[in-house]
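S.K.: Sequence order for the protein chains is A and B.
Counting from 37, one number per residue, gives the positions in the first sequence under our numbering.
Counting from 1352, one number per residue, gives the positions in the second sequence under our numbering.
There may be inaccurate statements among the hints.
Label-pair distances were calculated between CB atoms; the ranges are [as the list claims (entries may be wrong)]:
1) S244/A / Q1465/B: 54 to 62 Å
2) Q1465/B / L325/A: 23 to 31 Å
3) D239/A / Q1465/B: 36 to 44 Å
4) Q1465/B / G488/A: 30 to 38 Å
5) A1394/B / A358/A: 32 to 40 Å
6) Q1465/B / E314/A: 38 to 46 Å
What the hints contain is simulated information worked out from the structure, not anything from laboratory work.
No experiment lies behind these values; they were computed from the predicted model shown.
A virtual CB, placed ideally from N, CA and C, is assigned to each residue, including glycine.
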Amino acid sequence: MKKIDPRLLLAVGVAGLVMAAWLLLMGVVVWSTLQPAERAAVGEVLAPRAALVVLGWLAGLAVVGGALQVLYRRYVGAPARLLEETRVVLAATTPQQLKPRGTAEMQALATAVNELAAQRDGLRADMDAQVAQASHSVQQEKNRLAALMAELNQSVVVCNRDGRILLYNQRARQQFRTLSQGTAAAAGAELMGIGRSVYAVFDRQVLSHALERIHQAMARGAPSPSAQFVTTAQGGQLLRVQVAPVRAAQDHPADTPSTAALSGFVLMLENVTQSVQEESERDQLLHGLTEGSRSSLANIQAAVDMLGYADLEPAMRERFLAVVRDEVGTMGQRVNDLAQRATQRLKTRWPLEEMLGADLANAAQRQITAHCQRTVTLDDVDASLWLKVDSYTLLQALTYLAHRLVDEFEVRFLQLRLQPVGAHAQLDLVWSGQAMSNETVMSWEMDAMRFGTERTPLTVRDVIERHGGEMWFERDRVRHQAFFRFLLPLASVQGPVESALGDESSYSRPEYYDFDLFQMDEQGSALDDRPLSELAYTVFDTETTGLNPAGGDAIIQLGAARIVNGKLLRQETFEQLVDPGRHIPEASIPIHGISQDMVAGKPRIAQVLPVFHAYAQDTVLVAHNAAFDMRFLQLQEATTGIAFHQPVLDTLLLSAVVHPHQESHRLEAIAERFNITILGRHTALGDALVTAEIWLRLIPLLQEQGIHTLRQAREAAQKTYYARLKY
Amino acid sequence: MTAKILIADDEPNIVISLEYLLQREGYTVVVARDGNEALSSIATERPDLVLLDVMMPHKSGFEVCQAVRADAALQATKILMLTAKGRETDVAKGLALGANAYMTKPFSTRELVQKVAELLGRPTEGSA
């Protein structure tokens, strides 16, 4: 039921009053001309007919009211509708025309608007043509490079500063698909997608550590700074990740060292599980053969040397011969054992990265200072050393030791030293004053490292072994100092080999990208205060067995699409048939077209919801008549434990906000209004896509009404919701 | 006055040769078969030199070395580390912890005799 405009009621009221006043005035004028006798006679005539006068007034009022209503429709309602339709034309990105109707003036106005729109569309088409021509060659180049990127055997992911993915290639998507725990519904899209956070896959700490090192290298003016780390992904896979920066500004001269901040970073992923394993097994085998055989060889050699003495008594000779026989037997046994063990899994040797000593020292200084609130000085640091380290765990070990020194021995000042010794570097963590017992040092070395509530399964010893290094505790009595000394491997070359990436422009359009996300900065503003045009949305729809979730009706299909940065991502959709675990009513089948045998063998809602939850993570949910779909999702909360806490927007309510004068806010009606072609209506995904298109068109119309942020949209929707409840 | 040498190694196959060799060279030889035994032996026997294996049960050679160097009364004891751990880092650690010399297995007995004599400040007479 449409609301009656209060202005119309007011107009009818005023007309009634004016009529009454006029009647009264005429009465008074006539009354004043009458003689007293005539007045009495008129009074006598009129008094019993007063009701007739009032009735006449009411009839007049009804006529006037009717006339006003007609006039209102023609001259107020019609312009209001025309205004709304004009606004749609104004916001439309494709040519669109008004249907002239109503009075001659209204029709003329609509025609004029159409002419203006046509003029605008003409200009726009003209401009588009020019732009298209200008970008044609660029596009061609991009396409060529996109093809190249798709062929790359390496996974490439580009992120903005906040870790939001803005580009990925097919290979990366495949890799994430194997990591994904989900069903086929999202095919890895719940992990890898435009605008998603890469931190869903990688440990934030490890990645930000790599970025920090890139920052240092950039500050130093390194020509092509990059960092790499190895991380374990789900299922124990080892991923080697190479990180390269995307610099913010490219417009200053190339020869000035760029100190510009990062605007994003490129990740190149490689699954190294296999190669690391093989390498490690070979290593272990070699190690067993050399180190293990040394003792035996020593024993044999010593015995043989003794056998060389001419004056050896026979009893001793027999003993030395026994040693030789015994050791030869032992060695033979060892070689056999090793050959067998070579085929078994052995402990993983960790791949190390090359790092400038000064960077390591600075990073350690910063981290220890931040963690222990103690002054850490650098002394005797050879800044030109290149080390081969796993800097993340090494810094953890240093920080952990410093932490225990501060905690248990109240050490106040710490010092770091770094010097080369032969093929190694010695890194010292130095403090003055009290020294501890060797037992204490031993236990620090063997305890799993902890940082406050954070624990790692690693010990300092593990970290040392990962480096093939050594660590011990030493006292410098002369200087009243004590220190932990780490022997760490040096990099074989001076500085990491800068890989020839070629021209920077080679990172170009692959199949999946949105470089506009570079501009996005989500820090500092809550979701509620962010502009609607910037948010990421999951637009979804459900098909159900019926309309009554509380009465046992259930979801039989879930479809969704993502909108990121104002673009509908058609290649990252979600579509899943769901076995409702109950009969699908015959009457509902023509509506959704899903029969009983279509859902047979499909997953149950309890299996689908976790994947959908991951898919919708960090986004705002959008649905048409969202309350209905949300009700179905919420009913599952108790059994699945999956709750959707993100904000929800309803295109039905928001359409009513934008177009209060329209008769219908059904999906088809809105789609028709916006000139959206409907494909596959009444499948969950089809409806979700239509809803998404509608939402994209609603955003600029909401902006015209001053509704810019999520909070404003939710408030506006709530008002219409209440309004609809009242009438 | 002959010098006294302690052989600390858990492998009888090397001990037998070293014992024979050093006795032949005219040293008094004592044997210890693990880290703890080595430490108590050093305290009671007061050897002039210890041939110290790194990989021993109970206490490693590194620990024994550290303990000896921490005891002011034992400062004169020379320590020659013998180990199958041939990495540079192990050598550096051994020397840093106070070993006088470090030999990697396998070694020639002649070199060992020379090294021992050197450490004890004896001329290397008649070494065959």
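S.K.: Each hint should be assessed against the structure and marked as holding or not.
M.R.: Hint check:
1. S244/A / Q1465/B: 54 to 62 Å: holds (56 Å)
2. Q1465/B / L325/A: 23 to 31 Å: Since the Cβ atoms of Q1465/B and L325/A sit about 29 Å apart, the hinted range of 23 to 31 Å holds.
3. D239/A / Q1465/B: 36 to 44 Å: Once the Cβ atoms are compared, 55 Å apart, the range 36 to 44 Å for Q1465/B and D239/A is violated.
4. Q1465/B / G488/A: 30 to 38 Å: violated (55 Å)
5. A1394/B / A358/A: 32 to 40 Å: holds (33 Å)
6. Q1465/B / E314/A: 38 to 46 Å: Given about 43 Å between the Cβ atoms, the range holds.
Of the hints listed earlier, those the structure fails to meet are numbers 3 and 4, in rising order.
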